[in-house]
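So the sequences go chain by chain: A and B.
For the record, in the first sequence the residue sitting at position 59 is 59 according to this note's numbering, with numbers rising by one throughout.
For the record, in the second sequence the residue sitting at position 123 is 1123 according to this note's numbering, with numbers rising by one throughout.
Simulated from the structure, these hints should not be mistaken for lab results.
Some hints could be false.
As the list claims (entries may be wrong) - Quick partial rundown of chain A residues pointing at chain B, CB under 7 angstroms, derived from the structure:
#1 18
#2 72
#3 73
#4 80
Just so you know, these numbers come straight off a predicted model, no measurement behind them.
We treat Cβ as the ideally placed atom computed from N, Cα and C, and that holds for glycine.
The residues making up each chain are set out below.
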Amino acid sequence: MNYPVVVEVTLRDGIADPEGATIEKALPALGFTGVARVRAGKSFRMEIDAVDESAALEKATALAERLLSNPVIENAVARSAVGS
Amino acid sequence: MARIGVVVFPGSNCEYDAFSAVTSLGAQAQFIWHSQTDLDGVDGVILPGGFAHGDYLRPGALARFSPVMEAVATFARAGGAVLGICNGFQVLTEAGLLPGALQKNRGLTFLCQPTTVIVESTNSVLTRGATQGEELVIPINHFSGSYTCDDATLASLEANNQIVLRYKDNPNGSRADIAGVSNVDGNVVGLMPHPERAMSTLLGSADGRVLLEGFVHAPVGAR
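Can you make the complete structure from the sequences, with help from the hints?
Put into structure tokens, the structure is as follows:
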């Protein structure tokens, strides 16, 4: 069966994020105050053929660590996208 | 005569500059297409600048899985001389052949300008012909050239003399002003500046010669 999965890749804590910082600085000019700690990242959607959901997530985590993220600077989290 | 392989990925765009720099120094150059699985017995390998595989995902992320990279890794582990310039540096970090990673520049601007770098270590295949403390003017041309690594990695880079070049005026936010690093043995080197574009005073600078001369003339030459 195919399980829909989302993988989110974000920069690890302590790694400078000039993109997130620039977005954060732009927000007050648009009237959005009180927004802090903006971090930019990437999101990947996929369908994974697996026996059950946990096997699908395991596969997604493995491929996220191998290819979708660079573990030197990024974290990757896989979650189920059923119903989203 | 030393024979230097210049790896060509789909999206490389500095391979002809590298090829011509190598031949202008009296060595032989040959292109190695990324789908090759062997290095044809070359004495040294250059991974040139460009946008291998479109820089999709992250610069170097897909190039590291090109078939040729297995041969490059084997060659590097056997002591062969490997040089990654700009995108080639990004490929080497993604492949785990050099520590750290290259991030988007501080300020999020593409930088294309001459920069002054200081030779920090001469214990590498790239800098063995240079003098420690020497200042070289070499152009940079990148969007993701901000070198980053964790504290432990930085400490070991310092301890093992692996920081090869530093920027005099850090243009991109690189940690510890790092412009180039080597592996522990000094046979694998990556740098963001383009020495192959600094080969003639007529074109702005000939300071790249001292670096590439050292690289092409006495490659460690594991085959």
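Hint check results:
The beta carbon of residue 18 of chain A comes within 5 angstroms of a beta carbon in chain B, closer than 7 angstroms, and the hint placing it at the interface holds. With its C-beta approaching chain B no nearer than about 4 angstroms, residue 72 of chain A sits inside the 7 angstroms limit, and its interface hint holds. Hint status for residue 73 of chain A: holds, given a least beta-carbon distance of 5 angstroms to chain B, under 7 angstroms. Of the supplied interface hints, the one on residue 80 of chain A is violated, with its beta-carbon coming no nearer than about 23 angstroms to a beta-carbon of chain B, more than 7 angstroms.
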